[in-house]
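From just these sequences and the hints, can you work out the full model?
For the sequence shown, this note's numbering assigns the number 6 to the initial residue and increments by one for each residue that follows.
Simulated from the structure, these hints should not be mistaken for laboratory data.
Keeping only pairs whose Cα atoms sit at most 20 Å apart, straight-line, the calculated DMTMM-like set for lysine to aspartate or glutamate is:
| # | residue 1 | residue 2 |
| --- | --- | --- |
| 1 | K79 | D133 |
| 2 | K381 | D339 |
| 3 | K79 | D68 |
| 4 | K416 | E442 |
| 5 | K282 | E309 |
| 6 | K79 | E94 |
| 7 | K400 | E442 |
| 8 | K230 | D300 |
| 9 | K282 | D229 |
| 10 | K409 | E442 |
| 11 | K409 | E346 |
| 12 | K416 | E430 |
| 13 | K409 | E107 |
| 14 | K416 | D154 |
| 15 | K230 | D276 |
| 16 | K230 | D246 |
| 17 | K416 | D378 |
| 18 | K372 | E107 |
| 19 | K282 | D298 |
| 20 | K282 | E241 |
| 21 | K372 | E424 |
| 22 | K282 | D297 |
| 23 | K307 | D229 |
| 24 | K282 | D233 |
| 25 | K381 | E346 |
| 26 | K416 | E346 |
| 27 | K427 | E356 |
| 28 | K79 | D147 |
| 29 | K372 | E362 |
| 30 | K427 | E361 |
| 31 | K175 | E187 |
| 32 | K372 | E361 |
| 33 | K416 | D147 |
| 34 | K230 | E241 |
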Amino acid sequence: MLNRYNTGAGMPLAMGGLLLIVAAVLLWAGMVLAGEPPKPAPLPQALLAIRVAQVDALERLADLVLGARLVADKTVGQAVGPGSDGDIEIRLLLRSARLAAEPRVYSDGLAEVDLECALDDVARLARDLRIVGAARTSGLADLEYRAIDGCLRASGTGRAPPDLALETAKRVQAARPEDVPEMFPLGWERVTATGRVAAIREARRRAYGAMAARIRDIHLGQTDKVGDLVGRGSSEALMLDVFIRSLPVAGEPRLMPDRLAEVDVAAPVRDVIRVLKDILALRGGGARATADDIDQLSVRLKVERLTVTGRGMPPVQEVGPPILRVAGGAPLPDWATEVLEARAAARFSDEVENREEGRVLAARSAKVRAVADLEKQVGAVTLADGRTVRQRSTKDEVFRRDVKTFLSGAKTTQYRPTEDGKGWEVTLRLPLIRLYEFSRPRE
6 MLNRYNTGAG MPLAMGGLLL IVAAVLLWAG MVLAGEPPKP APLPQALLAI RVAQVDALER
66 LADLVLGARL VADKTVGQAV GPGSDGDIEI RLLLRSARLA AEPRVYSDGL AEVDLECALD
126 DVARLARDLR IVGAARTSGL ADLEYRAIDG CLRASGTGRA PPDLALETAK RVQAARPEDV
186 PEMFPLGWER VTATGRVAAI REARRRAYGA MAARIRDIHL GQTDKVGDLV GRGSSEALML
246 DVFIRSLPVA GEPRLMPDRL AEVDVAAPVR DVIRVLKDIL ALRGGGARAT ADDIDQLSVR
306 LKVERLTVTG RGMPPVQEVG PPILRVAGGA PLPDWATEVL EARAAARFSD EVENREEGRV
366 LAARSAKVRA VADLEKQVGA VTLADGRTVR QRSTKDEVFR RDVKTFLSGA KTTQYRPTED
426 GKGWEVTLRL PLIRLYEFSR PRE
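Okay, structure coming up:
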């Protein structure tokens, strides 16, 4: 999921996974030498928490895009229709969202992940789906307003699931950092059993439709395609359809965390050649394609079998409302519900001739100043034990690390030139509720 546009942000996850695997091997070897039976190494809880936060951020990003208002006073989701091809295409595009920053993991086990997707990519797909005009971001003023430096961003939080199946845990551990692996029931907790069955059935239907389109588009000779040979509404077309419907599903259906069910259907090329020859014989002449053309498919296609993937979503009525988790315990202090804000600006350097480079440097400098301002504000917060954050940080190393992690999660809400056009201005916001959560005494 995370990175079709590969960035360095994914590297620490990959390196961390490699180091964890090495550590697990050394641990296993040590137990063997000591005469202890090796036990399955537990999946690192931090990695699982990051994966869950990743899924949460992906869902929030989908809500942002599908809930955006169009000029016609409809949302993007209403324009494409829930569960439609357009809805699925948008969700597939968002799977390519990249990490906007390093994942943040706190000492209490909670992880935070920020994802971003280029507004231009969303606008291009919206034009392809014909829900907006041909202009670059025509009809997407709502999303354009929400974009930061040309990107749509969303944050997610998560904790490691307490009872993840062993096979699922292995799949999560083996997945590349930029992918979102299947982690059932993650993403499907609110979907009824009927909804899951309906999503898989729809995915299978779309897979067979995709296979029909794939085979019909195969070239026979220089100009003709399989579609020209079989036509539509004919006995030849019916024979091809019967063959496609007889193909088995390849592997188990996948219930992906972004609430898309996936089904693969595979067709051996030798069987495709056989049925096309039968269709050619049924026609009894009049076709420009020959048996030799059909035999050449094994060379043209360069694969032993054709595989397509169909995707489906559960019906809206089979998805329950969001699950609200209300934390118990003492009432929140007044400061816990506050949101800190810091605004800073930096001038463009006269020594930098390239305007874009100057903008990037000024923006970076402004953000550093804004973070420093937030750090002062956070440090002055008085905790339940009467100490300020700054005072506790000097004595508690774990808490100090959490505060540093917390500050790195400040959200950019404004990112624009200064009024005089000679510099760049950045505004950051930081809700304090997370500070309250990790500052509380551990149970």
